[in-house]
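Using the sequences and the accompanying hints, generate a full structural model.
Residue numbers 54 to 179, in my numbering, belong to the letters of the sequence shown in order.
Hints were generated in silico from the structure; no laboratory data involved. Heads up, the beta-carbon is just placed ideally off N, CA and C, and yes, glycines get one too. Careful: at least some of the hints might be erroneous.
[As the list claims (entries may be wrong)] Pair ranges (Cβ atoms, derived): (1) A146 - A83: 31 to 41 Å; (2) A146 - D110: 12 to 22 Å; (3) R132 - I88: 19 to 29 Å; (4) P148 - Q68: 15 to 25 Å.
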Amino acid sequence: MSSTDTARSVDDLLQDLIARGYQFVHPRDAKGAVIAVVGVRAHDAVIDVVRLNAEDDVVATRIPGDEDDVLAPRTVLWRTAGEAAPVLDELLALPDDAAAPSDESSSRGGCWVPTGTGRSTWLAAS
54 MSSTDTARSV DDLLQDLIAR GYQFVHPRDA KGAVIAVVGV RAHDAVIDVV
104 RLNAEDDVVA TRIPGDEDDV LAPRTVLWRT AGEAAPVLDE LLALPDDAAA
154 PSDESSSRGG CWVPTGTGRS TWLAAS
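Pasting the structure below:
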């Protein structure tokens, strides 16, 4: 980074994710307190997921599009963890078509459906 470059804020990086099509949910505990911020973007034959537990506890993954549970996937194509800014930078740097499975069954779509206040689940298309 040169002296003329400035580090981008976490807020700026989150805005970039939203502009790229990420949808965010805010899971809550039984008392209603937010326990994490989770962003998901399904595209091509993959799903990108980022979970922000705290500014220094962020996990981002790329998984096949046919995974049943995006928060506990069986297969992970790419993963990084650490502080928010570097993790979000790495996630934004991923090419859209990289690591996409070639299996035709992995390219099916789906959508997020609400299951309760602040909660949703992925419903794979059949």
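Hint by hint, here is what the structure shows:
no.: 1; hint: A146 - A83: 31 to 41 Å; verdict: holds, 37 Å
no.: 2; hint: A146 - D110: 12 to 22 Å; verdict: holds, 20 Å
no.: 3; hint: R132 - I88: 19 to 29 Å; verdict: holds, 20 Å
no.: 4; hint: P148 - Q68: 15 to 25 Å; verdict: holds, 20 Å
Checked against the numbered hints given earlier, this structure breaks none of them.
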